[in-house]
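Got chain A sorted already, so can you dock chain B onto it with the hints?
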Amino acid sequence: MFVLIIDYGSGNIKSVYNSIKKTLYNFNEFSEVKVSRNLSEIKKADKIILPGVGSFDQCMSRIRKIKDLVETLKDEVITKKKPFLGICVGMQILADYGYENQKTKGLSWINGDVKPLKNFLENSKNFKIPHMGWNSLSIYKNNNLLNDITANDQFYFVHSYFFDIKHKKNIICNTQYGINIPAIVNQDNIFGFQFHPEKSGRSGLKILYNWLKLSL
Amino acid sequence: MLSKRVIPCLDVHDGRTVKGINFVDLIDAGDPVEQAKLYNDLGADEICFLDISATNEGRKTLFNIVSKVAESCFIPLTVGGGIKNNLDINNLLKSGADKVSINSAAVFKPSLIKEASDSFGCQCIVLAIDAYKDQSNYKSGYNVSTHGGKKKTDIDALEWAIEGEKNGAGEILLTSMNADGTKLGYDIELTSKISTEVSIPVIASGGAGKPIDMVNVLKKGNASAVLAASIFHFGIYSIENVKKEMLKYRIPVRNTW
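As you go down the protein sequences, you meet chains A and B in turn. Here the first sequence stands for residues 12 to 227, where the numbers follow the working numbering. Here the second sequence stands for residues 459 to 715, where the numbers follow the working numbering.
Don't take every hint at face value.
Stated by the list, open to error - Every beta carbon over 10 Å from chain B, so not counted as near; a handful from chain A, in silico:
no., residue
1, D18
2, N23
3, E43
4, T90
5, D107
6, D124
7, M143
8, K210
9, L216
10, N221
Said to hold, decoys possible - In the PhoX-like style, the derived pairs of lysine-lysine whose C-alpha atoms are separated by at most 20 Å in a straight line are:
no., chain 1, residue 1, chain 2, residue 2
11, B, K526, A, K45
12, A, K45, B, K552
13, B, K526, A, K32
14, A, K217, B, K552
15, A, K33, A, K45
16, A, K129, B, K624
17, B, K526, A, K139
18, A, K33, B, K552
19, B, K567, B, K624
Just so you know, the hints here were simulated from the structure itself, not pulled from any lab data. The C-beta atom is built at its ideal place from N, Cα and C for all residues, glycine as well.
Next up, chain A with everything else stripped away, as it sits in the complex (with noise of 0.2 Å):
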C-alpha cells in the first residue's frame, strides 16, 4: 500500500507522516506513506490524505497555486475512486464554500459550507473559540472506520469553523460543542475528519488504521 500525503506548504504534515507512519506498521503487505506534491507520485498513490492547518482561503489559494493538482485530484478521487482523506481544513475545503476571513469557493465535493463557530454560539459564554481541546464522537451513521471506537474515545479538535453539512446522509459522526458539529464526513471513497487523528493518541491512531483498512 502506498500512501501519499499531499505536501501544499500547510503546517504540521510532520505529525500526519509519523502517525500513518506507525500505523502502517500494523500491514502485513509492503507500505510506505510519502509526503509530496509531485502530481504522478499522486497518481501512483493507493490513498491520498490532505492534511490543513489555516485558513480556508489560504488553503484553497496554496493548492490552486500548484499547477494540476485539483484536475489530478478530481480525476484520481473523483473519476478513479481512490480512498481519500481531508483532514481539519483538509476536509473543510471539500465544502462548496468557506467563510474564513473571505468567501471562498471550495472544491464541491462534498456539499455545504464552512461557517464560523461563533455565529451559532453566540448568546453561550461557556463556549470558548477556538473548540479547542478532546471531544467524543455520537454516530450518526454506522460505518467500519468506527470499529473499536467507543464512547470513551476523544479526539483533538482545533477549529474556528465548520463544515455545515447540506445533506444528512454525508455524515458518519457528529461532535457536540453547543451545536453537533460534523466530526467525520463521507461521500463514497472521500472521508473527511475535523478532527486531528494525528493527534489524538491511541484513538486517533485506531481510526487511522481503520481508515486504511477500509478498502483492503
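Just chain B now, kept in the frame of chain A:
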C-alpha cells in the same frame, strides 16, 4: 462534551529536563523525550515544553527533542521559551510542535502575535502571560511581567489578554507569579477575571499542589485547561489522580485509564 485538559509542563535546560519525574523505571530521568513519552502514556492531554536554556546552542537541541517527541507522542505539543520571531516559530513547527507559546517577546514587540497568527494560524499561537498582583493597578489589579517574572511592567494583564485575542492568539497560558511555586492552589481570581473577558481558551498555571486545586480553578476560574509541573514531577499525584478528582466534581475529562 469538550473535556477539560490536564497539561504537564517540562522545563528544559540545554536539552535536559530540569524538574523531572523521579520514577525508577525511567532509563534516563533527565531526558525530555523519555519524560514526554511517560506523560503521554500516563494520560496527559497535551505536553508543554518550556525551554529555559541561556545559550543558542542549548536552544538548538530543543528542535531535536521536539522532533523526537513528535515521532512517538501523538498528542498536541506546545513549546515555549525564548521565541522571538517568525523564524523561531517556523523552526519549532517544522520540528513537530503544534503550538508555540510567546511571552516576553510579545511585550517588546506587540506586533509579533499578529504576524505569527497571520502566518501560521491562530490555532498554534499561545500568548503566555506571567501576571503578578499590583496594588497600584486599579484596572484588573494584575500587571504583566517578563523574563520569567523577573522584570515587572506596568501593562495591565486583562488589557494585555484582550489585545492578544484581538491580535490573533488562539489561547492564553496564564501564570500567576504570586501563586507559582507555592503549591497553595491556582489564582482563581486572576483566572476568572481574564477568562470571562476573552472568548479564547485560558490555561491556568501556577500554584497547583493537589488535585482539588485543579477542580477549583476549572470550576470557579472558568479555565479550559490546567497546567502543572512539580505536582506531577515529584510523583505525589498522577494525571490519573487529577482526572479522577475532576470526575468526582462532574468535570468532563478524557478517560485514559
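Evaluation of the provided hints:
{"no.": "1", "hint": "D18", "verdict": "12 Å, holds"}
{"no.": "2", "hint": "N23", "verdict": "6 Å, violated"}
{"no.": "3", "hint": "E43", "verdict": "17 Å, holds"}
{"no.": "4", "hint": "T90", "verdict": "32 Å, holds"}
{"no.": "5", "hint": "D107", "verdict": "22 Å, holds"}
{"no.": "6", "hint": "D124", "verdict": "20 Å, holds"}
{"no.": "7", "hint": "M143", "verdict": "5 Å, violated"}
{"no.": "8", "hint": "K210", "verdict": "5 Å, violated"}
{"no.": "9", "hint": "L216", "verdict": "6 Å, violated"}
{"no.": "10", "hint": "N221", "verdict": "15 Å, holds"}
{"no.": "11", "hint": "B:K526 to A:K45", "verdict": "19 Å, holds"}
{"no.": "12", "hint": "A:K45 to B:K552", "verdict": "16 Å, holds"}
{"no.": "13", "hint": "B:K526 to A:K32", "verdict": "14 Å, holds"}
{"no.": "14", "hint": "A:K217 to B:K552", "verdict": "25 Å, violated"}
{"no.": "15", "hint": "A:K33 to A:K45", "verdict": "13 Å, holds"}
{"no.": "16", "hint": "A:K129 to B:K624", "verdict": "15 Å, holds"}
{"no.": "17", "hint": "B:K526 to A:K139", "verdict": "32 Å, violated"}
{"no.": "18", "hint": "A:K33 to B:K552", "verdict": "19 Å, holds"}
{"no.": "19", "hint": "B:K567 to B:K624", "verdict": "15 Å, holds"}
The structure fails hints 2, 7, 8, 9, 14 and 17 (numbered hints given earlier, in ascending order).
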